[in-house]
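Asker: Chain residues, written in single-letter form:
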Amino acid sequence: MSQRSLIISYFAWHYSRAFVEIWNTCTNYIWAVWHFFSVPLLLKTFFSPWHKMDVEYGKGFSIDNFFGPLIVNTLMRLVGMVMRAIIVCLGLICIVVVFSFGVFITIVWIFLPVIFVTLLWQGFLKI
Amino acid sequence: MDYKTLAEKLAKYAPAVKLDRVLPSGLRKFLKTAFLVLTFVFLFVSISSVFYQVVPVKIFEGLEIISLSLWLLFFCLDAFYDSLYFDDLPLTAREVFFKTPAESGSFLTATALFGADPDITARFLKSPVGKNLMMRLEIPENERPSADIAFPLQTSSADIDNFLANKKSIVSRTEFQMNENDGENLFENFVSALAEQDKELSDFLFRYAIRDKELRGAARWLSQKSEKEKRTRRFWGRDRLGRVPGLGKDWAYGETFELEKFGGRMEEKFDFTSRGLGEHEKYVDEIESVLSRRSEGNVLLVADDDLEKEDVVIEFCKKILSGKILPTLEHKIVFALDISAMTVVCGNKENFEKEFLNVMNQSARAENIILFVNDLPSAISAATAIGSDVLSLAAPYLSSPVLQIIAGSDMKNFHERIESNIALSEKFEKIILKDDDEQSLVELLEQRADELENRDGIFFSYPAILQIAENASRYFEGLVISDKALDMLSELPIAVARQGRNIVTKKDVATMTETKTGVPTGEIETAEKSKLLNLEKILHQRIIGQDEAVNAISSSLRRARSGIESKNRPLGSFLFLGPTGVGKTETTKALAEVFFGDEKKIMRLDMSEYSGDNALRKLLGSFESGHVGTLTSLLRENQYGVLLLDEFEKAERPVHDLFLQILDEGIFSDMVGKKVNARSLVIIATSNAGSDIIWDFVKQNKSLAENKQQIIEQIVHQNIFRPELLNRFDGVILFHPLDETMLRQVATLMLQKLARRLEEKSLKLRIGGELVNYLVKVGSDPAFGARPINRAIQDQIEDTVARRLISGELHPGSEVVLTEADLQR
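Line by line, the protein sequences give chains A and B.
Quick note on numbering: this note's numbering labels position 43 of the first sequence as 43, and the sequence is numbered without any gaps.
Quick note on numbering: this note's numbering labels position 67 of the second sequence as 67, and the sequence is numbered without any gaps.
No wet-lab data here; the hints were simulated from the structure.
Just so you know, these numbers come straight off a predicted model, no measurement behind them.
All C-beta atoms, glycine included, are put in the ideal place defined by N, C-alpha and C.
One should not assume that every hint holds.
[What the hints assert, rightly or not] Taking lysine-lysine pairs in the DSS-like style, the calculated list, with each CA pair at most 25 Å apart, reads:
hint	chain 1	residue 1	chain 2	residue 2
1	B	Lys-261	A	Lys-52
2	B	Lys-32	A	Lys-126
3	B	Lys-354	A	Lys-126
4	B	Lys-507	A	Lys-44
5	B	Lys-332	B	Lys-230
6	B	Lys-434	B	Lys-675
7	B	Lys-126	B	Lys-230
8	A	Lys-52	B	Lys-332
9	A	Lys-52	B	Lys-32
10	B	Lys-354	A	Lys-52
11	A	Lys-44	B	Lys-32
12	A	Lys-44	B	Lys-332
[What the hints assert, rightly or not] Derived contacts from chain A toward chain B, CB cut-off under 8 Å, selection only:
hint	residue
13	Thr-27
14	His-35
15	Ser-38
16	Leu-41
17	Leu-43
18	Glu-56
19	Gly-58
20	Gly-60
21	Ile-71
22	Thr-74
23	Gln-122
24	Ile-127
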């Protein structure tokens with residue numbers, strides 16, 4: 001393989017497989033964020049009590065026996081829901097950021113050879 | 001597959017191979033970093049220049065932009081290279097656009113295949129990967145290697161250069177063929193096919209004792225090392241990204257603060273990057289199956305090696321963390337719980353039981369906990385020591401659907417304490433981890449060697465790795481082989497560092513094995529060579545006559561030391577038959593002294609002691625009484641030497657059966673099923689059985705050698721030994737009764753021995769014909785061979801000398817002259 005064909009191979013790669021690589025990496029990061037923020041698990045357990053902290057209802061009916069645990073258990077579920085909602089939202093925001101970054105890199109990549117030549121040219125002009 | 005098909009298959013890597021030759025990856029890496037640094041330096045200087053106006057700002061801005069553009073250029077080149085370089089990396093977690101990677105080892109094969117030389121062998125040997133492979137195979141032996149695959153040895157070795165310069169034939173494109181279905185790794189198949197087709201290459205490798213097994217193994221190892229390096233570098237892959245622990249995973253489950261006081265998550269307690277590297281997939285699948293099948297299922301791992309049990313559980317945890325586990329086990333957390341430490345911290349029964357129940361209650365309530373208790377028998381013992389019955393406390397949780405336990409035990413305690421407890425053993429599904437076979441041991445050693453190479457900058461040759469595995473299996477049988485092999489592997493770098501080297505070779509392994517076991521395994525040195533070649537002569541300095549015995553033993557030992565004998569049997573095994581006092585024991589002693597360097601290397605068992613009902617128990621030990629066997633403990637202490645079984649015919653038949661196995665396989669099991677190695681022993685059984693038959697033949701002036709078969713048949717006929725037992729010995733040797741000439745020689749030898757002892761007291765014994773004649777006269781009892789001579793020396797000569805010493809007749813420096821009259825007094 002000559003050096004000329006090496007350069008041709010590079011450009012063929014730059015405008016074909018490189019895009020697949022960029023979007024593969026981008027989907028990997030989206031996947032990692034999705035799992036880092038445990039989005040599927042948190043949605044599945046959205047209404048569960050916080051750390052399984054619940055109080056058992058006492059034997060026999062009384063106001064204390066019923067409403068005490070009811071309030072605590074409702075509160076624990078509410079705490080769990082709020083915390084999960086925050087994390088899920090954060091996760092979704094991060095996913096949007098990663099996706100946007102992927103789009104930005106793709107656009108830059110298209111013009112990268114031009115950017116390289118321009119930068120080099122500008123650099124020499126300044127010197 | 002022909003060359004054309006292979007080249008087409010690998011054509012996509014050609015640009016990367018070319019790029020590496022034009023601009024080697026090490027140089028690219030250096031330049032990329034340098035331009036990035038320069039960009040920041042120029043940026044900093046140009047910002048400073050705005051304020052201080054030392055030099056025109058524009059110049060630095062220009063230099064900064066040029067550096068940045070050049071960094072961009074090298075970044076793009078690296079991205080281009082990496083895209084091809086990582087193409088053959090098998091991925092654990094599937095990625096959207098790369099579901100089926102190329103065959104393992106494809107990139108390495110491409111680097112070895114593409115080149116201008118018409119000879120494919122030359123291309124391979126001149127390529128960086130070819131040079132690296134040769135270095136791994138100790139070719140040439142004294143070159144300093146680099147462990148870096150990407151930037152390997154750049155200087156070609158003289159041996160390889162000479163080989164290529166004198167090569168008469170070539171493997172051309174049209175001739176090259178390789179079998180596609182040989183194995184999973186393309187690089188391994190390629191080098192093997194090349195050596196198979198290039199006779200000159202295979203002869204060259206054979207000169208370094210490299211056969212297909214070593215060549216393939218080293219190629220596979222190199223390919224795996226490259227794969228590992230790729231896996232570490234590819235930080236953007238799901239395999240790496242997925243290892244980051246997530247947020248909120250345990251929010252749906254209960255708290256575990258009580259448990260955290262006495263235990264820890266496996267991933268926090270153990271180094272997951274260097275352990276549990278995938279060699280126990282079978283056991284991990286079994287654990288997964290048991291724990292997911294029944295929510296109240298628990299697992300008991302049985303193995304002597306604690307590390308191995310941990311490794312299996314670490315692999316299981318990795319499977320959970322990777323998300324590739326059955327849904328019932330998703331989000332489970334494996335906690336290592338140290339019950340022994342808990343008993344120490346709590347101090348007494350009450351505190352311990354309270355804490356233990358807290359831990360178990362909280363773990364059960366959390367609903368996502370799997371507890372790992374590595375050494376269950378120790379935990380039971382520790383609790384028993386403070387008066388608590390931990391098994392009763394744990395019993396309700398063992399059948400609970402919300403808490404699962406993986407416990408570990410060694411084989412001995414499993415049989416003694418767990419298997420016998422039916423209630424307990426019913427709660428656990430038992431998984432016995434079998435000893436590694438040699439291949440999986442080699443793979444384990446390869447992985448650990450990689451770690452040591454990266455950590456200590458050491459270089460292991462592949463034959464060294466194979467030698468460690470072979471020696472560990474051969475000389476450390478009965479112990480945890482993988483432990484012993486890994487111990488050797490980690491001690492070797494220290495040993496070679498003392499000699500100022502950083503390469504571990506096969507020879508270093510042989511030296512270390514010899515140091516540890518006393519068994520000579522390395523190359524035969526000059527002095528030993530001469531001894532081995534003249535064994536008969538040396539043995540005859542102590543043994544009079546008995547040519548058959550001396551010749552048989554000498555041949556057997558030469559075979560053993562040269563390494564051509566079967567490795568799965570003792571070094572040698574002989575049955576010495578003959579009347580008393582003809583040199584059977586003396587031959588054994590001479591053998592121990594000459595071959596093993598010391599008469600004390602004899603382990604003697606008087607087999608008449610093993611004639612009762614409990615003979616086997618005495619030899620092997622008893623499981624019920626805990627009594628340790630004589631034979632097992634003897635061999636565990638000294639695995640290299642002579643095992644002398646005196647009066648073998650008097651042992652019970654089951655004992656003979658045991659030796660059938662030992663003589664055949666060189667290995668047997670003790671009372672708890674642990675293997676005992678007898679493969680580095682020379683086993684000599686002596687027996688007076690058949691003496692009368694031998695005597696009859698001698699009296700009739702018949703040759704024993706010519707009538708040996710007839711004599712053996714008569715011994716079998718008399719039911720003294722069974723034919724299958726006699727056939728297991730390497731040789732059944734008949735010892736001749738001694739005639740008068742022989743007795744004279746024996747008497748002279750015995751007197752010389754006495755003279756040496758007297759010399760230590762500064763006395764000189766004059767050995768004359770009269771003295772020898774006297775000894776033969778009083779000691780010539782055909783029934784007892786040379787034994788009466790020995791008695792006569794003790795009773796008469798030694799006694800006379802002692803009397804003279806005490807009376808002052810003899811003093812240091814005197815010459816002891818004894819006449820027949822002196823001795824008859």
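Asker: Starting from the hint list further up, note which numbers the structure goes against and sort them upward.
Answerer: Failing hints, ascending: 3, 4, 5, 9, 11, 17, 18, 19, 20, 21, 22.
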